[in-house]
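Build the full structure now, drawing on both the sequences and the hints.
So the sequence lines, in the order shown, correspond to chains C and U. With the first letter of the first sequence counted as 1, position 274 gets the number 297 in our numbering; the numbers rise by one all the way through. With the first letter of the second sequence counted as 1, position 116 gets the number 122 in our numbering; the numbers rise by one all the way through.
Quick caveat, the hints were computed from the structure, so don't treat them as lab data. The C-beta atom is built at its ideal place from N, Cα and C for all residues, glycine as well. Take the hints with a grain of salt, since some may be wrong.
Unchecked claim - Computed far set for chain U versus chain C, every beta-carbon distance over 10 Å:
hint	residue
1	13
2	69
3	78
4	80
5	241
Claimed, not checked - Where chain U lies over chain C, by a calculated footprint (3+ residues, C-beta under 8 Å):
hint	segment
6	105 to 117
7	123 to 133
8	219 to 225
9	248 to 259
10	267 to 276
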Amino acid sequence: MRGDALKAWALILPSLVMLVAFTHWPAVATLWDSLYSTPRGSRPGIFVGADNYLDLLDDPVFFTALRNNAYYALVTIPASVLLSLVMALSVNAKFPGRALVRMAYFTPTILPMIAVANIWLFFFTPDYGLFDQIMGGLGFGRHNWLGDSATALPAMMLVAVWKEAGFFMIFYLAALQSMPPDLAEVARIEGSSRWNFFRRVTWPLLMPTTLFVCVNAVINAFRLIDHIVVMTRGGPNNATNLLLYHIYETGFRFWDTAAAATMTVALLAILGALAALQFGVLGRRTHYR
Amino acid sequence: MSTRRLEMIGAWVLGLLWVMPLAYAIWTAFHGSAYATHFSLTAPLTLINFPHAWDAAPFARYFLNTMILVAVVLVAQFALCTPAAYAFARMEFRGRDTVFAIVLLQLMVAPDVLLVANYRTMAQMGVVDTIGAIALPYLGSAFGIFLLRQTFRQVPQELDDAARLEGSSLLGRIWRVYVPLARPTYLAYGLVAVSYHWNNFLWPLVITNSVSTRPLTVGLSVFASTDQGIDWTIITAATLMTSGPLLLAFLLFQRQFVASFMRAGIR
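Set out below in structure tokens:
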């Protein structure tokens with residue numbers, strides 16, 4: 024069987040090399056970089072220990088971004104997961120126009136976020152934009168949705184939920200459609216209410232899908248910042264600055280790579296903790312084959 | 007009114023809300039700029055926005071770049087994920103579960119987050135501002151390996167054994183037994199991968215800085231943020247142009263797409 028193990032490693036190696044080179048190694052290298060100063064010109068960075076972390080504690084924008092991102096994640100993750108489940112349940116039933124509705128839910132997923140951001144940018148435009156036209160029709164005055172720090176972040180959340188719910192729906196829909204139909208039949212004969220059936224049968228069976236969807240929703244809440252780049256650039260007054268956007272600005276506009284690396288470590292720590300939490304909480308109730 | 011009917015109306019309303027931004031984009035793209043902000047059923051239709059948008063930026067080149075990028079990523083991911091998925095699904099070796107867990111870590115730590123470190127790697131390799139550099143971080147895919155592994159595990163072991171008795175080599179068995187049976191998974195995964203890389207923005211934005219390497223998304227953002235002012239008709243025309251092919255592909259494959267995920271076994 025020694026030969027077999029060798030063959031298995033040969034099959035895995037190409038993937039493993041790519042994964043390690045561009046995911047695992049950079050993650051470790053980032054940790055290393057966070058202990059050095061930013062190299063300037065031909066001068067390499069010098070070892071500074073925890074200095075970058077102490078500097079980070081003095082960076083108010085970092086904490087704003089952290090708070091914004093926490094708020095953003097707390098709203099967009101449950102909202103998009105819940106909505107995707109509702110969508111999947113609704114198009115799992117038969118009704119006229121079902122295919123059209125399913126397509127409507129799904130189209131935002133296919134459109135590039137950057138293109139979508141352009142459309143939404145117009146929706147949020149004061150006076151002409153769709154939101155102001157509707158609000159105007161209802162008797163409200165003009166509002167600068169993206170220019171007001173109270174509404175800018177919620178506007179970004181709306182775009183994110185709109186974009187993602189349809190994608191997660193596909194996974195729920197696939198899971199729902201592969202459930203044996205006799206289960207529902209039996210429940211109906213026994214007189215179980217639909218809500219009871221959902222709570223006792225459907226929901227537990229959907230657990231692995233929920234875990235998978237949640238893992239994706241969490242990473243997206245920290246990874247997807249295309250709309251921020253296009254629509255607000257983190258403004259006004261950092262109201263929509265998210266962690267990765269702050270990292271991007273620090274690393275590629277101010278070229279302070281040491282500070283960017285330090286914040287990346289913080290982001291990795293958050294993602295790691297959330298992953299552990301999800302597998303701890305949801306994973307225990309999930310049965311993989 | 008029955009609950010069923012209420013639910014149906016709810017589904018319709020939600021669907022309508024969801025499709026509104028796209029519907030708006032289509033409406034604007036086919037009308038003169040005077041009608042971008044007020045709606046009128048009698049507004050004259052026009053196609054002029056599309057050639058205007060097409061000429062306003064090197065979109066032909068951007069299209070070519072995106073297609074090369076997507077093709078490279080897709081072929082490489084299939085070629086790399088397939089053997090790895092087979093090994094994880096059907097072979098016994100020491101450390102298998104540990105290595106699989108290490109692979110799955112990529113699901114939680116997407117390469118997108120590691121911009122700074124990956125940029126430096128590319129700079130050290132001297133490949134900054136190439137299409138290859140956009141693709142490299144994504145060639146290994148935990149998602150692809152996971153999905154194919156789930157599918158391969160459902161292939162009857164007897165088929166594998168039979169092929170082995172007939173003298174098929176390891177790679178021959180993967181190619182002739184597993185790959186054909188996993189075709190729906192390849193389709194589903196392929197569509198997800200194509201849309202991911204067609205739409206990917208931040209990493210290409212960081213790693214490219216010239217017309218000859220920029221994908222459509224970055225090209226579109228450069229176009230929309232510079233000299234266009236706020237001529238929404240041209241911007242929406244460009245927006246539709248850049249996502250058109252993808253939209254079409256999904257409309258064509260919609261049914262198979264859902265069916266594929268059902269069989270792929272993410273449940």
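Taking the hints in turn, this is what the structure says about them:
no.: 1; hint: 13; in the structure: violated (6 Å)
no.: 2; hint: 69; in the structure: holds (13 Å)
no.: 3; hint: 78; in the structure: holds (13 Å)
no.: 4; hint: 80; in the structure: holds (14 Å)
no.: 5; hint: 241; in the structure: violated (5 Å)
no.: 6; hint: 105 to 117; in the structure: holds (count 5)
no.: 7; hint: 123 to 133; in the structure: holds (count 11)
no.: 8; hint: 219 to 225; in the structure: violated (count 0)
no.: 9; hint: 248 to 259; in the structure: holds (count 4)
no.: 10; hint: 267 to 276; in the structure: holds (count 5)
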